[in-house]
Amino acid sequence: MAWYDEDSWATAAFAPKGSTIAITFLLAVLLPILLHQFIYRKATPTTLPCFLLIGPSGAGKTAFLTLTERKAVAQTHTSTAPSAIEVLLPEDHTPQSSHYRSPGDPAYERSRRFLLNDTPGHGKLRHFATTQLANPTNVRGIIFVLDAATVAEEAGLNETAEYLHDVLLALQKRYTGATTSKGPKEIPVLIAANKMDLFTALPPHLVTQQLEKAISEVRKSRAKGLKDSGAALSGEEEGLDEEREWLGEGGEGSFEFGQMEEVGTSVTVHGGHVIRGDGADVRSWYEWIASHL
Amino acid sequence: MLDTFEVLTTSGVVLWSRRYSPVGPHIINSLIRDVFIEERVQPQAEDAGSKPTYRKEGYTLKWTTAKDLGLIFVAVYQSLVHMTWIDKLLDNIRALFIGLYGEQLKTKHSSVVNCDKFAPYFERQIQDLEGQSDSGFSAPGTKLTPPSSADNESADEFDPKIPPLQKQHKPQHDTSADSTPVPTPDTSRPTTPAQSHLLTGRAGPGAKLSRRGKKKAAALTSAPASSGDEASVKRKGKGSAKKNRVWGDFGAEEEDPSMVLDYSQSDLRDEAPEGEALAEVNPESWGSRTGKGQFVLKDLDLEMDQIIAEQNAKKETSTSAVSGGGLVGSSLGAIGGLFRNVVGGKTLTEEDLAKPLKGMEDHLLKKNVAREAAVRLCDSVKRDLVGLKTSSFTTVEATLRTSMEKALAKILTPTSSLDLLREIQTVNASGRPYVLSIVGVNGVGKSTNLSKIAFFLLQNHHRVLIAAADTFRSGAVEQLRVHVRNLQELSKREGGQVDLFEKGYGKDAANIAADAVTHAAKTNFNVVLIDTAGRRHNDQRLMSSLEKFGKLAKPDKILMVGEALVGSDSVAQARNFNQSFGPGRGLDGFIISKCDTVGDMVGTLVSMVHATGIPVVFLGVGQHYADLRGLNVGSVCRLLMS
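Respectively, the protein sequence lines represent chains A and B. Mapping of the first sequence onto our numbering: residues 542 to 834, in sequence order. Mapping of the second sequence onto our numbering: residues 1009 to 1650, in sequence order.
Just so you know, these hints were derived from the structure itself, not from any lab. Note that beta-carbon positions come from the ideal geometry of N, C-alpha and C, so glycine has one too. A few of these clues could be false.
[As the list claims (entries may be wrong)] Label pairs and their calculated CB-CB ranges:
#: 1; chain 1: A; residue 1: ALA675; chain 2: B; residue 2: GLY1575; range: 34 to 42 Å
#: 2; chain 1: B; residue 1: SER1025; chain 2: A; residue 2: GLN637; range: 37 to 45 Å
#: 3; chain 1: B; residue 1: SER1025; chain 2: A; residue 2: LYS765; range: 42 to 50 Å
#: 4; chain 1: B; residue 1: GLY1367; chain 2: A; residue 2: THR720; range: 38 to 46 Å
#: 5; chain 1: A; residue 1: ASP646; chain 2: B; residue 2: GLY1367; range: 55 to 63 Å
#: 6; chain 1: A; residue 1: HIS577; chain 2: B; residue 2: GLY1367; range: 37 to 45 Å
[As the list claims (entries may be wrong)] To list a few chain B residues with every Cβ distance to chain A over 12 Å, as calculated:
#: 7; residue: GLY1107
#: 8; residue: PHE1130
#: 9; residue: GLU1369
#: 10; residue: CYS1386
#: 11; residue: ARG1409
#: 12; residue: ASP1427
#: 13; residue: LEU1508
#: 14; residue: SER1576
#: 15; residue: GLY1594
Can you make the complete structure from the sequences, with help from the hints?
This is the structure in structure tokens:
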């Protein structure tokens, strides 16, 4: 039986038969429904706003994460993997975006929800954080957690400042490298000076001063330092290597956090301590989160 | 005795812990740092049948992981105590924990796992295993299983269907004794009836035993279980006993009229919770009657063994699924495997990875990575991947590739900052010159790289003294003199100051180096660069002088120069030089010279870092003074994977 015969499938498909019409009708009705089901099952319903937790190892990032999630600090150890946790802003803070919403509004509840992305702070594992920085999706802000007690010492200060320098430089590159004239969305940075309860901890304004000084130092020694091996190893011409960027106002003079405003990054420093306080001591951090949510 | 047992996630949150004596968190932190992140301490091979161990400050740590859920189980105990059952405990606890909380762990965007009720399971396991190892297997009236490690494994995988079947027509305590893979004498299971007998016997003539007392007796019969059910019984007993008991002036008052009137209060406080508790407890679910009519709480053992057996069976099927099956089964499996290989969502096993890993190893070997380093990298990638599911639309090869890139980046990334200029600044601030010395095998370019570093320091306006401590090879001092003359010419234009410190040939190198440091301090030089004689790394006689050198000159930094050209010998070189400075002192970094001559075969970098865990500080990429570069981890990884 060839395809052009009277009762072949091809003829049946084009004939005004009841069954053909029924099948076509079903197909026309069900296909969009199935497609809808398939696509919408896959896609997450909404993407939550997200805050990145960055900072050197042992600063208290994971502890802050657990405090926010369960209102109590869990015991933590050095992280080896990043984690994204869905958390709720504490009751006594109102997100910036819903100042005019009434508390009963379901949209109000929804707006208090956000993701906290914890990253490992160990030197070898910072690529988790830097990849997120290079391509931030839906990141509303960066919380750079540091230990205010270790910042009081030279070695700790240097490590923290170098990490912070790299983070700020990545943010600046993102701004200057943007193709649109408007520039990318602003990503503010909160420097959360943790462990204020310790006796040796520096107060927030001193942390600011010390960090600014240390970052200027880092910038200076980076400028003097050797070039990267990248271009030389891949056999490219020496003169062509890309121009290096300097943090804040072309890398001249001393660095201040205020200089970051120009590249769409506001830096705020707040003190607090996660452990030995029932959330009340990190109020200023939550306020900052609320004002950017 | 066990000090601490913790269940934590890879993201650092402790889910459950039990501490018997205080152990500082830094102990486990250093385990994570040294073993999981820096891989400085090589865990012993797991095929020896035992879990890897790690020692720190008199503690021994044993651990096991559940890759797919991102869990780490750590047991900490004093190194003095020899505990043979820790491995078994870790295995059992892992199976239990995953069995009980696996679902909770898989929820996204949450770190909370509600595992308050895990304690009794854990206690029970400890008791089981401790008893098993203590008084051995001489318990009367129980089936014996020789507790050799091999048999434990097999005994563990008994049919999970047995316990419920037996439960129907046997007293409960017997079944659990049967179904326990290894008898547990110290839990007094065989003596349980006798004990409860005694108690009830006493209760008989003693006439009225309070209701609470009876409950206590019932609880006692299952005392070793110390289960969560017990808690619920207690709660219930307490609830009914406490109800309406009011303390008056003369002890307990039976009835208080004022109390009766306050219906709302009693409703709120007493009735509701009690009713709830009563409703919750279904007699069948938490106990059974023994032949003598005594009420015995359902044991945790049964549940525990079931969970463990289930987990083991799951593991069994997943491994046997690959090997088992007839012709049809295997071919279907092969097709399915192929399909999944393309689409993703395949759970990786060692067999899946064997071939691509071999390919990856060959690729690395071609890039001049030493065999030892290549094998280790592949092993760490394998450890990373086995048990993982490939994400959608990625093949096994692609997954392997990204994982290998990550492993390479991890091994090459330095742990701390390598900023030479800042270090010089801090050392000079303390009022002494910064001393940097360079060691290495003959002909790798020690003097050349030393002069490159001198050039770099001169550009930064430092005052550099070069000490010629190579008193062996003829022409070595003259070679340095030429370099210094060239550099002096440059420094006239660039600023800075450079000079040579020499004492001729045949003298002791260590003394010359020490003299150079004192001379520099006197004449206001702020950096001393010490050149040393090249030596073969496997010649004990030559290497032994390095220890004295390290002690006398006290260099702030010792850099070793290695050629990029060298092959598998690089591992031995790095290791021997690292150990030659005596205990407590090692190398601080590597300079890999002649990188321009090898193209993309930069495997030596990986080999050297692998052997010692010491970072690469500089790369030599040419013949000129300015051809010194810092390490760019990303580009090296790209070259290696290309």
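Discussion item. Just to be sure I understand the hint, the distance between the Cβ atoms of SER1025(B) and GLN637(A) should be within 37 to 45 Å; is that true here?
Written reply: 39 Å Cβ-Cβ, so the 37 to 45 Å window holds.
Worksheet item: Does the Cβ-Cβ separation between HIS577(A) and GLY1367(B) fall within 37 to 45 Å?
Response: 43 Å, holds
Item to complete: Please test the hint of 42 to 50 Å on the beta carbon pair from SER1025(B) and LYS765(A).
Response: Check passed, 48 Å falls within 42 to 50 Å.
Worksheet item: Minimum Cβ separation between CYS1386(B) and chain A greater than 12 Å?
Response: 19 Å, holds
Item to complete: Examine each Cβ of chain A, and state whether all of them lie more than 12 Å from the Cβ of GLY1594(B).
Response: The claim holds: GLY1594(B) sits with its nearest Cβ about 18 Å from chain A, beyond 12 Å.
Worksheet item: Checking the smallest CB distance to chain A, is SER1576(B) really beyond 12 Å?
Response: 22 Å, holds
Item to complete: Could you say whether the range 34 to 42 Å given as a hint is met by the Cβ separation of ALA675(A) and GLY1575(B)?
Response: 36 Å, holds
Fill in: Non-interface claim for LEU1508(B), where every Cβ of chain A lies beyond 12 Å
It holds; LEU1508(B) is separated from chain A by about 24 Å at its closest Cβ, greater than 12 Å.
Worksheet item: Non-interface claim for GLU1369(B): all C-beta distances to chain A beyond 12 Å?
Response: For GLU1369(B), whose nearest Cβ neighbour in chain A is about 23 Å away, the distance exceeds 12 Å, so it holds.
Discussion item. Please check whether the beta-carbon of PHE1130(B) is more than 12 Å away from every beta-carbon in chain A.
Written reply: Label holds. Min Cβ-Cβ 16 Å, cutoff 12 Å.
Discussion item. Over 12 Å from every CB of chain A: does ARG1409(B) meet that, or does the non-interface label fail?
Written reply: 16 Å, holds
Item to complete: Measuring Cβ to Cβ, find out whether ASP1427(B) lies farther than 12 Å from everything in chain A.
Response: 5 Å, violated
Hint check: a violation occurs at hint 12 only; the rest are consistent with the structure.
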